[in-house]
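Protein chains in written order, with the numbering used here: chain A, 13 to 175; chain B, 7 to 265.
Hints may be right or wrong, so weigh each one.
Claimed, not checked - Okay, the calculated beta carbon distance ranges per label pair:
#1 A/Asn-60 <-> B/Phe-52: 45 to 53 Å
#2 A/Gln-55 <-> B/Phe-149: 32 to 40 Å
#3 A/Val-86 <-> B/Lys-197: 53 to 61 Å
#4 A/Asn-87 <-> B/Val-47: 52 to 60 Å
#5 A/Pro-59 <-> B/Asp-174: 23 to 31 Å
#6 A/Leu-119 <-> B/Val-152: 46 to 54 Å
Said to hold, decoys possible - Not everything, but these chain A residues come out facing chain B in the computed CB check (under 7 Å):
#7 Leu-62
#8 Glu-64
#9 Leu-109
#10 Gly-110
Since the hints were derived computationally from the structure, they do not count as laboratory data.
Ideal placement from N, C-alpha and C gives every residue a C-beta, glycine not left out.
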Amino acid sequence: MADEKKTVGTETVSDLNRRQFFAKLGLGSIGIAAAGTTVFAYQFLSPNVLYEPSPIINAGKPESFPMDSVTLDVNSGIYIIHSKEGFFSLSAVCTHLGCLTAWKPDLGIIACPCHGSKFKQDGDKIEGPAPKPLPWKRMWISEDGDLMVDRSTDIRSMQFVRV
Amino acid sequence: MAKTVDQYFDELRSTRVWRSVFRSGTGSSTLHRALAIQQNVFLHLFSTKVRKRMLSISATWYLGTLTLGTFLILVATGVLLMLYYHPSVPQAYADTKDLQFVVSSGLFLRNLHRWSAHAMVFLVFAHMFKVFYRGAYRPPREFNWVIGIVLLLITLLLSYTGYLLPWDQLAYWAITVGSNIASAVPVVGSKIHFLLLGGNAVNANALLRFYVLHCMILPVAAVFFIAIHFWRIRKDGGLYSHQSEPATLRARAARQEAR
Numbered sequence: 013m014a015d016e017k018k019t020v021g022t023e024t025v026s027d028l029n030r031r032q033f034f035a036k037l038g039l040g041s042i043g044i045a046a047a048g049t050t051v052f053a054y055q056f057l058s059p060n061v062l063y064e065p066s067p068i069i070n071a072g073k074p075e076s077f078p079m080d081s082v083t084l085d086v087n088s089g090i091y092i093i094h095s096k097e098g099f100f101s102l103s104a105v106c107t108h109l110g111c112l113t114a115w116k117p118d119l120g121i122i123a124c125p126c127h128g129s130k131f132k133q134d135g136d137k138i139e140g141p142a143p144k145p146l147p148w149k150r151m152w153i154s155e156d157g158d159l160m161v162d163r164s165t166d167i168r169s170m171q172f173v174r175v
Numbered sequence: 007m008a009k010t011v012d013q014y015f016d017e018l019r020s021t022r023v024w025r026s027v028f029r030s031g032t033g034s035s036t037l038h039r040a041l042a043i044q045q046n047v048f049l050h051l052f053s054t055k056v057r058k059r060m061l062s063i064s065a066t067w068y069l070g071t072l073t074l075g076t077f078l079i080l081v082a083t084g085v086l087l088m089l090y091y092h093p094s095v096p097q098a099y100a101d102t103k104d105l106q107f108v109v110s111s112g113l114f115l116r117n118l119h120r121w122s123a124h125a126m127v128f129l130v131f132a133h134m135f136k137v138f139y140r141g142a143y144r145p146p147r148e149f150n151w152v153i154g155i156v157l158l159l160i161t162l163l164l165s166y167t168g169y170l171l172p173w174d175q176l177a178y179w180a181i182t183v184g185s186n187i188a189s190a191v192p193v194v195g196s197k198i199h200f201l202l203l204g205g206n207a208v209n210a211n212a213l214l215r216f217y218v219l220h221c222m223i224l225p226v227a228a229v230f231f232i233a234i235h236f237w238r239i240r241k242d243g244g245l246y247s248h249q250s251e252p253a254t255l256r257a258r259a260a261r262q263e264a265r
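Looking at chain A on its own, in the form it has when it is part of the complex:
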């Protein structure tokens, strides 16, 4: 009789363990499912194909940009600048909050209409709130002799393209 009671006792303990086991199994499964859902949601929400314009721009023949000119391409958001040292391309997107800046020929500066940031012709910051200068974009001459700009690639400043 005493042995039986003991068995009952251990059974009660093992019952509790089984409950704990299933609780842990359940929580674990929910945890794994939640982690999977997070990964799934992140992947689903990140588009794999973007129907955005190509980052590579054909700006046309170098001859169309006169010496000491700053030309804004509104659609691609870049400046093509022809200076004494050569050609270069600047991002026209303000480094503050992404507004499109404008070249002010009478002042010789690039200015942002949104919050008043000002930049020099080579992209250097004159005054904020922009935290950084306008980045230089990779520029090269294509086989056909056209000026090409890769908007997705920033380069160090003062790397001019000479024709």
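With chain A held as given, fit chain B onto it using these hints.
Relative to chain A, chain B alone:
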């Protein structure tokens, strides 16, 4: 003997159909009135009894109720605007103009939606200040204050996502600037920006995402939290009234004992 309106109403309330819909019975005792509130799926969120003093304008200025009113106007007008608005780049701006100049009552509905949106933001803040300066955020109501903050954020997000939908220059640059603020989050900022817009710039994907957020996800979230907000008023002992607070009552009892 001509029957009074009340008698006709009592007769209506004793019909089988009425009784099958409303379970609280035919009487008009305090119990029946309380049951009418408690057994109604919409009203059961609220207290069955309210202190008469709390229904006066000075108690709340009705700011919470007015906020709910603007929200209901926004849902009603918003659903109607959805019938003429396509969230696509070639059509969005033209549809907005059509709503103003071509659709019957379109101008009225769009303006009502816009002014209600402004009013709702104003009322939410006014409600928050009123609650704050009355001290109604204090325990046991501190969790409902947190729910209120969530509702404030949802209101602002609803305003922000709705701002893009006319797809004009103002909308485009406002969302460009606003979404770039999200990029300022450390480490994951640019990822959040990319997920929010569904691309690298404000474009067709961003318009569609903001539309879904504005018309589906955020309103559903708002309804969910509004329900909790109202239910918590009842659970936390009704609207805050300084004279009836336990601490005030204890202090008064202590004063009387000292006398």
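Hints versus structure:
no.: 1; hint: A/Asn-60 <-> B/Phe-52: 45 to 53 Å; verdict: 48 Å, holds
no.: 2; hint: A/Gln-55 <-> B/Phe-149: 32 to 40 Å; verdict: 35 Å, holds
no.: 3; hint: A/Val-86 <-> B/Lys-197: 53 to 61 Å; verdict: 28 Å, violated
no.: 4; hint: A/Asn-87 <-> B/Val-47: 52 to 60 Å; verdict: 55 Å, holds
no.: 5; hint: A/Pro-59 <-> B/Asp-174: 23 to 31 Å; verdict: 25 Å, holds
no.: 6; hint: A/Leu-119 <-> B/Val-152: 46 to 54 Å; verdict: 50 Å, holds
no.: 7; hint: Leu-62; verdict: 5 Å, holds
no.: 8; hint: Glu-64; verdict: 6 Å, holds
no.: 9; hint: Leu-109; verdict: 4 Å, holds
no.: 10; hint: Gly-110; verdict: 4 Å, holds
Comparing the model with each numbered hint stated earlier shows that hint 3 is the single one that does not hold.
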